[in-house]
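Using the sequences provided together with the hints, build the complete structure.
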Amino acid sequence: MELFTSQISILEMSYILASVLFVLGLKRLSNPDTARSGNLLASGGMLLAIIFTILFHKKEGEHIGNIPWILAALFTGSIVGWLTTKKLKMTATPQMVSLFNGMGGACAALISLMEFSNVPDSLILKHGMLNGEAITIMMGLMIGSISFSGSMIVSGKLGRKIGDITTKGMRYVTLAFLIILLAFLVFILGMQARPSMIWIYLFTALALIYGIMFVMSIDGTNMPVIISLLNSFTGLAVAFGGLLFDNQVMLTGGILVASSGTILTILMCKAKNRSLFTIISGAFVGGAMDSTTDRDKAIKEISHGDAAILLRYSQKILIVPGYGFAVSKAQQLCHELDDLLTSKGVEVKYGIHPVAGRMPGHMNVLLAETDVPYEKLLEMEDANKEIGSTDVVIVAGANDIVNPAAEDDPSSPIYGMPVIKAWNAKNVIVIKRSMTKGYAAIENDLFYHPKTRMLFGDVNASMQQLLAAIKNL
Amino acid sequence: MDDVLRFFFDNREGIFIIILSILLGIEVISHVPSVLHTPMMSGANAIHGVILIGALIVMGHADNTLTMVLGFIAVMLGMLNVVGGFVVTDRMLKLFRKKKTKN
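These protein sequences, in sequence, are chains H and A.
Per my numbering, the first sequence starts with residue 1, numbered consecutively.
Per my numbering, the second sequence starts with residue 1, numbered consecutively.
You may find that some hints are simply not true.
[To be verified] Think about it this way: if two alpha-carbon atoms lie no more than 20 Å apart in a straight line, the pair counts; the simulated SDA-like pairs of lysine to any residue are:
#	chain 1	residue 1	chain 2	residue 2
1	H	K272	A	I17
2	H	K59	A	A62
3	H	K59	A	M68
4	H	K59	A	S34
5	A	K94	H	L88
6	H	K329	A	I17
7	H	K27	A	V69
8	H	K272	A	H31
9	H	K58	A	D63
10	A	K94	H	N31
11	H	K86	H	K437
12	H	K437	H	M454
13	A	K94	H	S37
14	H	K270	A	S34
15	H	K27	A	A62
Rather than coming from a laboratory, the hints here were simulated on the basis of the structure.
Next comes the structure, spelled out in C-alpha cells:
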C-alpha cells in the first residue's frame with residue numbers, strides 16, 4: 001500500500017468516480033433509451049482514469065515518465081482504432097468486437113510478461129513462486145493469452161477465412177492440452193527459485209496454442225456466445241492485472257466485465273436452448289448429415305411476377321430476415337417494398353429471431369437504419385403467435401432460424417433451438433441465392449415443404465424485381 | 001487455518017470489492033432485452049480496455065529500451081481496445097436512437 005499523499009488521494013478518488021461511471025454506463029446500456037448515454041458515461045470514466053493516472057500516479061515515489069512516448073502511443077492507438085472501425089460494415093460488427101477483445105487480452109498478457117522481472121527476489125526467497133505477485137502475473141498471462149489467440153481465431157472464422165475442425169477426436173485433444181497447460185502452471189508456481197524466462201515464454205506459447213484449439217472446434221453458429229465468453233475471460237485477466245498493480249479501477253472494471261460477461265453468455269445460451277458446456281465441447285459438429293439421406297426431395301420455384309401477385313393480394317405478410325438479407329444490404333429496398341405493399345392495404349410485419357444474422361440485435365439494427373417503425377418488428381414468440389393468420393412468410397436470406405428440424409429431428413445440431421415456424425403460415429416464399437446450406441451446414445426441410453416456393457436470387461435483387469413487378473400490377 | 005484467516009484479514013478490502021463487483025455485474029445484466037445483447041457485449045468489451053492503465057504504469061516506469069518498446073506496444077493495444085470498443089458500441093447504438101425518436 002502506498003503512503004498517503006494528496007496526489008495519490010486525488011488519484012484514488014478519480015478511480016472511484018471512474019468505476020462508478022463504468023457501472024452506471026453498463027446499467028444504462030441495458031435500456032434502449034439510455035443506451036447511448038451509457039456508452040458515453042463509461043467512456044468518460046475511462047478518459048478520467050487515463051488522465052489522472054498519467055498526472056498523479058506514483059510508483060515508489062516516482063511519477064509516470066516517458067510522457068511524450070506515452071502520448072505518441074495513445075495517439076497512434078486511437079487513430080488505428082478509429083480507422084479500423086471506419087472501415088467497418090455493420091455485418092462485420094462481431095468480428096470487430098472480437099478483434100478489440102483480443103487486443104485487450106494481448107495487452108494483459110504483455111503487461112504480465114514485462115512485470116515478471118519486477119517480482120522482488122525477497123518475495124521469492126520467502127514463498128517460492130507461490131506468492132501473490134507471481135500468481136496474479138501467471139493468471140493474467142495465461143488468461144490474456146488464451147483470450148487473445150482465441151479472439152483472433154473467432155474473428156477469422158466470422159470473416160469466413162478460417163473453417164471449423166470437425167474431427168470427433170478434436171475435443172479430447174483440446175481437453176488434453178488444457179490439462180497440460182494447467183499442469184505446467186502448477187509446475188511453474190511450485191518452483192522455489194525464480195524460473196528462467198524460457199519457462200515463462202514456453203508457458204505463454206502453450207496458452208496461445210490452447211486459445212486457438214479452444215475455439216477451433218466450436219461450430220461457427222456459436223461464435224456470438226464464444227465472443228461473449230472470451231469477453232469475460234479478458235475481463236478476468238484485467239482483474240488479475242488490477243490485483244497485481246493494486247489498482248482499484250482495473251480491478252473493478254475487470255470484475256464487472258467478467259461477471260456481466262458470464263451472465264450474458266449464459267443468457268445467449270438460453271436463447272439457443274443449449275448449455276454452455278455443449279457448445280464449448282463442440283459436441284454437435286457433423287451431427288445430422290446422416291439423418292436426411294433418402295427422402296425424395298423436390299423444390300417448387302416461383303417467378304417474381306407470380307410472387308408479386310401473391311404478395312399484392314395478401315392481407316398479412318411476415319418478413320423473416322437472415323444473414324443473406326444483411327450481406328445483400330437489402331434493408332433499404334425491403335423498406336420500399338414494405339411501404340408499397342402497405343399502401344396497397346397489405347399488413348407487413350417482420351419476424352426477428354434472436355440470433356438472426358450473426359448476432360443478437362443484428363436485424364433490428366439493420367432495419368432501424370431505414371427507419372422501419374418499432375411496432376412492425378415482432379420478437380420470435382409474437383411472430384409465432386400471429387403466424388397462423390399470416391398469408392405469406394417471406395424468408396429473406398434466412399435458413400437455420402426457420403428450419404423445422406429444430407422441432408422434429410432430435411439428431412439435428414439445431415434440435416431444441418426455438419425457431420420461427422414459417423410452415424404454419426398459409427404460404428412461404430424463400431428468397432435464396434442457391435440451395436447451399438446455412439451456417440449450421442444442414443438441410444432445411446422447409447424448402448421442400450408443400451407450402452413453400454423458392455425464389456432464387458440475391459435478396460436485394462429479388463426485392464427490386466418484386467418491387468417493379470408489384471408496381472406494374 | 002490461521003493462514004487463511006490471516007490472508008482474509010490482510011486482503012479484506014480487496015475481497016469486499018471483488019464480491020460486491022461480482023454482484024453488481026450480475027445485477028446490471030439482469031434485465032437486458034435480447035436486442036441489446038450485442039451492444040452490451042461491445043460496451044463491456046470497451047470497459048475492459050481499462051487494462052490500458054496497467055500499460056501506462058509499466059511504460060511510465062520503463063528504464064530500458066526493451067521495456068519501452070514492449071510498453072509502447074502494450075499501450076497501443078490497450079488504446080485499440082478502448083477506442084475501438086467505444087466507437088463500435090456507439091455506432092451500433094446510433095441506429096437504435098434514430099429508431100426511437102421516430103416514435
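Hint check:
1. Under the criterion of a C-alpha separation no larger than 20 Å, the hint pairing K272 of chain H with I17 of chain A is inconsistent with the structure, at around 33 Å.
2. Taking the CA atoms of K59 of chain H and A62 of chain A, the gap is near 12 Å; set against the 20 Å cutoff, the hint holds.
3. Between the alpha carbons of K59 of chain H and M68 of chain A the distance comes to roughly 17 Å, so the proposed pair stays at or under 20 Å and holds.
4. As the CA atoms of K59 of chain H and S34 of chain A are separated by approximately 44 Å, the hinted pair breaks the 20 Å bound.
5. For the hint linking K94 of chain A to L88 of chain H, the alpha-carbon distance of about 14 Å falls within 20 Å, and the restraint holds.
6. Under the criterion of a C-alpha separation no larger than 20 Å, the hint pairing K329 of chain H with I17 of chain A is inconsistent with the structure, at around 46 Å.
7. For the given pair, K27 of chain H sits about 37 Å from V69 of chain A by alpha-carbon distance, which is inconsistent with the 20 Å threshold.
8. Restraint check for K272 of chain H and H31 of chain A: the C-alpha separation of about 18 Å stays at or below 20 Å, so the hint holds.
9. Under the criterion of a C-alpha separation no larger than 20 Å, the hint pairing K58 of chain H with D63 of chain A is consistent with the structure, at around 15 Å.
10. Between K94 of chain A and N31 of chain H, the direct Cα distance comes to roughly 14 Å. Compliance with the 20 Å bound is thereby established for this hinted pair.
11. For the given pair, K86 of chain H sits about 32 Å from K437 of chain H by alpha-carbon distance, which is inconsistent with the 20 Å threshold.
12. Using a Cα cut-off of 20 Å, the hinted pair K437 of chain H and M454 of chain H holds, with the two alpha carbons roughly 14 Å apart.
13. Distance restraint check for K94 of chain A and S37 of chain H: the Cα-Cα separation of roughly 11 Å lies within the 20 Å cut-off, and the hinted pair is therefore satisfied.
14. Simply put, K270 of chain H and S34 of chain A have alpha-carbon atoms about 11 Å apart, close enough for the 20 Å limit, and the pair holds.
15. The suggested pairing of K27 of chain H with A62 of chain A is violated, with an alpha-carbon distance near 37 Å, which exceeds 20 Å.
Violation of the numbered hints given earlier is confined to hints 1, 4, 6, 7, 11 and 15; the remaining hints are satisfied by the structure.
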